[in-house]
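Enquirer: Sequence:
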Amino acid sequence: MNFSSLYAEFHPKVLRYLTRLVGESDAEDLAQEVFVKAGRSLAGFRGEAQVSTWLYRIATNLAVDRLRSPSYQQVALLEFPEDGLPHLETELEDGNPWTGEKTPEIEKQLVQKYMTECLMDFIGKLPDDYRTVLVLSELEELSNKEIAEVLDVTLDTVKIRLHRARARLREDLLNHCEYYWADEMPWRTS
Numbered sequence: 001m002n003f004s005s006l007y008a009e010f011h012p013k014v015l016r017y018l019t020r021l022v023g024e025s026d027a028e029d030l031a032q033e034v035f036v037k038a039g040r041s042l043a044g045f046r047g048e049a050q051v052s053t054w055l056y057r058i059a060t061n062l063a064v065d066r067l068r069s070p071s072y073q074q075v076a077l078l079e080f081p082e083d084g085l086p087h088l089e090t091e092l093e094d095g096n097p098w099t100g101e102k103t104p105e106i107e108k109q110l111v112q113k114y115m116t117e118c119l120m121d122f123i124g125k126l127p128d129d130y131r132t133v134l135v136l137s138e139l140e141e142l143s144n145k146e147i148a149e150v151l152d153v154t155l156d157t158v159k160i161r162l163h164r165a166r167a168r169l170r171e172d173l174l175n176h177c178e179y180y181w182a183d184e185m186p187w188r189t190s
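Reminder that position 10 of the sequence shown reads as 10 in our numbering, one-by-one numbering, no gaps.
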């Protein structure tokens with residue numbers, strides 16, 4: 001595989017992955033570093049692993065280094081007040097301008113937006129090991145075996161970290177996210 005096709009095929013995936021790990025502000029720089037390293041090593045790539053696994057491993061190593069660096073400061077997501085969604089009542093009172101009825105779709109969209117922000121906030125607060133396996137599994141849809149290869153850990157280690165990440169995330173969401181419905185989330189631990 002030549003560098004151009006490698007970049008074209010995998011850059012969007014690597015960028016999305018890094019954005020989920022380190023945030024938008026650092027993701028593009030790290031993605032460029034991934035492909036600089038990959039370009040330098042492409043001739044020596046032996047094909048023992050899938051190209052995607054190899055790239056995710058480079059990306060993971062760079063992200064972990066960045067997260068551990070003293071200069072790294074995580075950008076906080078928008079925080080909502082403890083009493084719920086900001087201006088939810090005002091926005092919903094408006095409803096349909098013709099009938100004055102509240103639109104359930106608007107409420108649903110606001111709750112989904114709030115939950116997405118709450119979820120991403122708590123994923124960002126997970127320890128690096130937990131966040132990495134959760135992002136690779138749930139958001140990047142890698143198998144546990146692929147995650148083990150990317151992180152160079154055993155399959156059992158991946159399973160344990162994933163279980164603990166899901167359990168901690170579930171607990172945080174239950175305790176801190178007003179609109180969290182545990183039975184509707186894909187990573188239920190019950």
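It is worth saying that the hints were derived from the structure and are not from the lab.
Each residue gets a CB set at the ideal place from its N, CA and C atoms; glycine is no exception.
Watch out, some of these pointers could steer you wrong.
[As the list claims (entries may be wrong)] Each pair of labels, with its calculated beta carbon distance range:
hint : residue 1 : residue 2 : range
1    : ASP65     : ILE160    : 35 to 43 Å
2    : SER5      : HIS163    : 35 to 43 Å
3    : ALA49     : HIS176    : 34 to 42 Å
4    : ALA8      : ASP29     : 14 to 22 Å
5    : SER4      : ASN175    : 44 to 52 Å
6    : GLY124    : SER4      : 14 to 22 Å
7    : MET120    : PHE45     : 31 to 39 Å
8    : GLY39     : ASP65     : 12 to 20 Å
[As the list claims (entries may be wrong)] In silico lysine to any residue, SDA-like type, Cα no more than 25 Å apart, as pairs:
hint : residue 1 : residue 2
9    : LYS13     : GLY47
10   : LYS145    : ASP65
11   : LYS113    : ILE123
12   : LYS13     : GLN32
13   : LYS125    : TYR114
14   : LYS125    : LEU67
15   : LYS37     : VAL51
16   : LYS145    : ARG46
17   : LYS13     : LEU174
18   : LYS145    : LEU155
19   : LYS125    : MET115
20   : LYS145    : MET115
Enquirer: Look at each hint and say if it fits the structure.
Expert: Hint by hint, here is what the structure shows:
no.: 1; hint: ASP65 / ILE160: 35 to 43 Å; in the structure: violated, 23 Å
no.: 2; hint: SER5 / HIS163: 35 to 43 Å; in the structure: holds, 37 Å
no.: 3; hint: ALA49 / HIS176: 34 to 42 Å; in the structure: holds, 38 Å
no.: 4; hint: ALA8 / ASP29: 14 to 22 Å; in the structure: holds, 19 Å
no.: 5; hint: SER4 / ASN175: 44 to 52 Å; in the structure: holds, 48 Å
no.: 6; hint: GLY124 / SER4: 14 to 22 Å; in the structure: violated, 33 Å
no.: 7; hint: MET120 / PHE45: 31 to 39 Å; in the structure: holds, 33 Å
no.: 8; hint: GLY39 / ASP65: 12 to 20 Å; in the structure: holds, 19 Å
no.: 9; hint: LYS13 / GLY47; in the structure: holds, 19 Å
no.: 10; hint: LYS145 / ASP65; in the structure: holds, 23 Å
no.: 11; hint: LYS113 / ILE123; in the structure: holds, 15 Å
no.: 12; hint: LYS13 / GLN32; in the structure: holds, 13 Å
no.: 13; hint: LYS125 / TYR114; in the structure: holds, 17 Å
no.: 14; hint: LYS125 / LEU67; in the structure: holds, 12 Å
no.: 15; hint: LYS37 / VAL51; in the structure: holds, 13 Å
no.: 16; hint: LYS145 / ARG46; in the structure: holds, 19 Å
no.: 17; hint: LYS13 / LEU174; in the structure: violated, 30 Å
no.: 18; hint: LYS145 / LEU155; in the structure: holds, 6 Å
no.: 19; hint: LYS125 / MET115; in the structure: holds, 15 Å
no.: 20; hint: LYS145 / MET115; in the structure: violated, 30 Å
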